[in-house]
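**Q** Use these hints to put chain C onto chain R, whose structure you have.
What follows is each chain in one-letter form.
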Amino acid sequence: SQQGEEDPQALSIQEGENATMNCSYKTSINNLQWYRQNSGRGLVHLILIRSNEREKHSGRLRVTLDTSKKSSSLLITASRAADTASYFCAAMKTSYDKVIFGPGTSLSVIP
Amino acid sequence: AAGVIQSPRHLIKEKRETATLKCYPIPRHDTVYWYQQGPGQDPQFLISFYEKMQSDKGSIPDRFSAQQFSDYHSELNMSSLELGDSALYFCASSPGPGARNEQFFGPGTRLTVL
Numbered sequence: 001s002q003q004g005e006e007d008p009q010a011l012s013i014q015e016g017e018n019a020t021m022n023c024s025y026k027t028s029i030n031n032l033q034w035y036r037q038n039s040g041r042g043l044v045h046l047i048l049i050r051s052n053e054r055e056k057h058s059g060r061l062r063v064t065l066d067t068s069k070k071s072s073s074l075l076i077t078a079s080r081a082a083d084t085a086s087y088f089c090a091a092m093k094t095s096y097d098k099v100i101f102g103p104g105t106s107l108s109v110i111p
Numbered sequence: 001a002a003g004v005i006q007s008p009r010h011l012i013k014e015k016r017e018t019a020t021l022k023c024y025p026i027p028r029h030d031t032v033y034w035y036q037q038g039p040g041q042d043p044q045f046l047i048s049f050y051e052k053m054q055s056d057k058g059s060i061p062d063r064f065s066a067q068q069f070s071d072y073h074s075e076l077n078m079s080s081l082e083l084g085d086s087a088l089y090f091c092a093s094s095p096g097p098g099a100r101n102e103q104f105f106g107p108g109t110r111l112t113v114l
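So the sequence lines, in the order shown, correspond to chains R and C. Here this note's numbering is used: the first residue of the first sequence is 1, the next is one more, and so on. Here this note's numbering is used: the first residue of the second sequence is 1, the next is one more, and so on.
These are computed hints drawn from the structure, not numbers from a lab. Where hints are given, some of them may not hold.
Said to hold, decoys possible - Okay, the calculated bits of chain R under chain C, using three or more residues with CB under 8 Å as the criterion:
id	segment
1	17 to 26
2	95 to 109
What the hints assert, rightly or not - Straight line, CA to CA, 30 Å or less: simulated DSS-like cross-link-like pairs of lysine-lysine:
id	chain 1	residue 1	chain 2	residue 2
3	R	K93	C	K15
4	C	K57	R	K69
5	R	K56	R	K70
All C-beta atoms, glycine included, are put in the ideal place defined by N, C-alpha and C.
With the rest of the complex left out, here is chain R (with noise of 0.2 Å):
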């Protein structure tokens, strides 16, 4: 079984708006990230956020990390259309584990 699930599954936005996409997860973790793919290419890290931490910022980029609720959203902020991607958390259940993926957010930013 997947340790993330995201939704929503596809996002539609204005250029300029905030997308948030949410992830949940089903055990305990190390740390969960979020990685970002444009259309079958490479899987780039976005950032990460350890299990001891509750909210993270990278540019315009906002992760925050609810162990109680097994969740994590990022939010985009001032989106661009070259903000269109799949989005994917992933999480470690350990620090040396490997990074099981969510079934991803596809995002599509309209200029």
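**A** For chain C alone, kept in the frame of chain R given last:
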């Protein structure tokens, strides 16, 4: 900065043929992970190696085998290829236990089985 290198980037094979995918981790990274991403799917973990030993195994078919060599590069060998093996294969490396958690992904090898 050096990144994970995968070769080849694209590979086309016929059914029942064999394929070998190579992964060169970031220097001083001793842990390698292999993932398979089918069309429209999320990446699935296949297998990992730490210090040349298999450290974890996921949903890797028996037709596939992998190893990590003394220079820490890894090879994924795939035999009796099936149409369903067509996918993007990612390799990732990390500094290993006790170090940063982040895995650094290579650009992937796109395997097409005809």
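**Q** Determine for every hint whether it applies to the structure shown.
**A** These are the hints, each one checked on the structure:
1. Coverage of a stretch by a chain is defined here by at least three residues with a beta carbon nearer than 8 Å to that chain's beta carbons; for the segment 17 to 26 of chain R and chain C the count is 0, and the condition is violated.
2. Three residues within the 8 Å Cβ limit are the bar, and the segment 95 to 109 of chain R against chain C gives 10, so the coverage statement holds.
3. With a C-alpha separation of about 36 Å, the suggested pairing of R/K93 with C/K15 is violated against the 30 Å cut-off.
4. With a C-alpha separation of about 28 Å, the suggested pair C/K57 and R/K69 falls inside the 30 Å cut-off, and the hint holds.
5. The suggested pairing of R/K56 with R/K70 holds, with an alpha-carbon distance near 16 Å, which does not exceed 30 Å.
Of the hints listed earlier, those the structure fails to meet are numbers 1, 3, in rising order.
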